[in-house]
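Student: Put chain B on the given structure of chain A with help from the hints.
Protein chains in written order, with our numbering: chain A, 5 to 118; chain B, -8 to 417.
Hints in this document: simulated from the structure, not taken from any laboratory.
Beta carbons: idealized from backbone N, C-alpha and C, even for Gly.
Each hint should be verified, as a subset may be incorrect.
[As the list claims (entries may be wrong)] Distance windows between CB atoms, simulated:
1. S90(A) / S116(B): 25 to 35 Å
2. K76(B) / A102(A): 31 to 41 Å
3. D29(B) / E78(A): 45 to 55 Å
4. T175(B) / K77(A): 30 to 40 Å
5. A145(B) / P25(A): 51 to 61 Å
[What the hints assert, rightly or not] Some but not every residue of chain B turned toward chain A, in silico, with C-beta under 7 Å:
6. A4
7. V5
8. R7
9. A160
10. V163
11. R164
12. A207
13. R211
14. R214
15. I264
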Amino acid sequence: MRYMVMHYSDDAMEAGAPPSPELIAGVGQYMAEASQSGVLLAAEGVQPSSKGARLTVSGGKVSVTDGPFAEAKELIAGFAILDVKSKDEAIEHASRFAKIVGATKVDVRLVTEF
Amino acid sequence: MPGRGDTARAIEAVWRIESAKLIARVTRLVGDIGTAEDIAQDTFVAALKRWPQSGVPDNPGAWLMATARFLAIDTIRRRDRLAEKHAELAPPSAAVTVDYVAAASDDIGDDLLGLMFMACHPALSSDARVTLTLRLLGGLTTAEIARAFLVSEATVAQRIVRAKRTLAATHVRFELPDRGERSTRLVSVREVIYLVFNEGYAAAAGDDWMRSELCAEAMRLGRVLVALTPDDPESHALISLMELQASRAKARTAADGQPVLLLEQNRGLWDQILIRRGLAALERVEQLGGSLGPYALQAALAACHARARRPEDTDWQRIAALYDALSQIAPSPVVEVNRAVALAMAFGPAVGLDLADELTSVPSLAGYYLLPSVRGDLLRRMGRHAEAETEFLRAASLTSNARERTLLLRRAGESSHAARRRTGDP
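The shape of chain A in the complex, shown without the other chains (with noise of 0.2 Å):
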């Protein structure tokens, strides 16, 4: 089963602050044992939400909003989809993740299928 394990963002990551060596080596080294472990089938991470836009549809009108939006712990910074064989196995995976990178928030959420 497939699991998408989303991130959210911080007012660092927010104010666009580039990741620290620490960080990124972190990362490397996580992204390495999760190929290692053959779960991981995509992953990506987002620029802050000040390149981005959100769209409002109301009554069939669509309205764009030019970022940055409030609330950057309320903002995705990332995801990752996994193939593993319960939650609770996408739960430790996103867990370990979360440790190195910071994370305050994750949510691990069941990809559907049909």
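Tutor: Below, chain B alone, put in the same frame as chain A:
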């Protein structure tokens, strides 16, 4: 106590992630997988006792590894003392040395690769290789393997016992073969992984989910292998082939369970994540200069379909050329039949029929339903309906698959109808 339950579940998850690495490292230390599995099991039990009280450690993998290492060294010491006692009575046999330095390194990659070589050792039967690989590297239980292969748990347990006995009897211990032998041994590892994949891919819609789970397991093992042998093009080719084939899993069966032919599949159901990964892996194969390997050619064939947004966009000339290359390095009658189909798609039915006609004299194809089925299709496209009908009927009589037979009989009927219309008969 909800906390306690959470810990137990966390331990299961950690175990699933760490067990192959633990068994691999301990096998390297103690030499044989039987002892290694016991020690890994004891380590797991230690975690089950300890963690509910202490909480899951910050780095659970490191905790398990340290504990397993401690237990392994303890086992070796006891074994050495026993050997000393025996030596007083009889001269020592070949001493088993332990590579402590290598075993203390942080890089678990060599350990995992060595374990793969051991589980896929040429001394073992194909069944034994598959079973040991799933058990030791995939972390599957005996029950799971039994369900996946539609055999009893006792059969699987027996296979494991026998495999361990064979390894012991043939003095197979943990080893990392040198460069030359390594590539031969990797052939066996890839074969086992692809066998597991195909077993899962052959699963029918109503089968236990564990059967199709074998595909996912094979792909995980294939990705692990790529991480361990990043410079080997055929390892990349194997994962590419599996991911490209698996990308079509949801499209190849209709809601009523009927198989859907490749060209009739709804391409919107193809898994884009797997296609992207499969194509990227194939690109890596090309960068490594391995485009002509057996898995590379099969992956390239699968990629031709994956790249075509619509069936009519398929590059049949390339497919025909790839089958031509495949028939040279891995000749098989089935490849020839597929080559005939590709030639027909690329250059017209007459060209395909020329090859298909030649194949009718190949003895190993005499009872193979696909050949008359293909010939029937090519004859039909050339307007030779009466001959097509004969071929479809022959194919129907040769297949053991009821759904296939229904389809072939229907096509025979259509050809018969077309033939009569052509001659003006009622």
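Student: Look at each hint and say if it fits the structure.
Tutor: Status of the hints after comparison with the structure:
1. Against the hinted window of 25 to 35 Å, the Cβ-Cβ separation of S90(A) and S116(B) comes to about 31 Å, which satisfies the hint.
2. About 52 Å separates the C-beta atoms of K76(B) and A102(A), a value inconsistent with the hinted range of 31 to 41 Å.
3. Between D29(B) and E78(A) the Cβ separation comes to about 50 Å, which falls inside the hinted range of 45 to 55 Å.
4. Taken as a hint, the range 30 to 40 Å is violated for the pair T175(B) and K77(A), whose Cβ atoms sit roughly 54 Å apart.
5. Taking the beta carbon of each, A145(B) and P25(A) are about 55 Å apart, inside 51 to 61 Å as hinted.
6. For A4(B), the shortest C-beta to C-beta distance to chain A is roughly 4 Å, which falls under 7 Å, so the interface hint holds.
7. Nearest Cβ of chain A to the Cβ of V5(B): about 6 Å, under the 7 Å cut. The hint holds.
8. About 5 Å separates the beta-carbon of R7(B) from the nearest beta-carbon of chain A, less than 7 Å, and the hint is met.
9. Violation of the interface hint for A160(B) is found here, the shortest Cβ-Cβ separation to chain A being roughly 32 Å, above the 7 Å cut-off.
10. For the restraint placing V163(B) at the interface with chain A, the shortest Cβ-Cβ distance is roughly 24 Å, beyond the 7 Å limit, so the hint is violated.
11. Interface hint at R164(B): violated, since its Cβ lies 24 Å from the closest Cβ of chain A, which is beyond the 7 Å cut-off.
12. A cut of 7 Å between beta carbons decides the hint on A207(B): the least distance to chain A is about 6 Å, and the hint holds.
13. A hinted interface residue such as R211(B) counts as satisfied when its beta carbon comes closer than 7 Å to some beta carbon of chain A; here the least separation is about 3 Å, so the hint holds.
14. At about 4 Å, the closest approach between the beta carbon of R214(B) and any beta carbon in chain A falls short of 7 Å, and the interface hint on this residue holds.
15. This hint holds: I264(B) has a C-beta 6 Å from the nearest C-beta of chain A, less than the 7 Å allowed.
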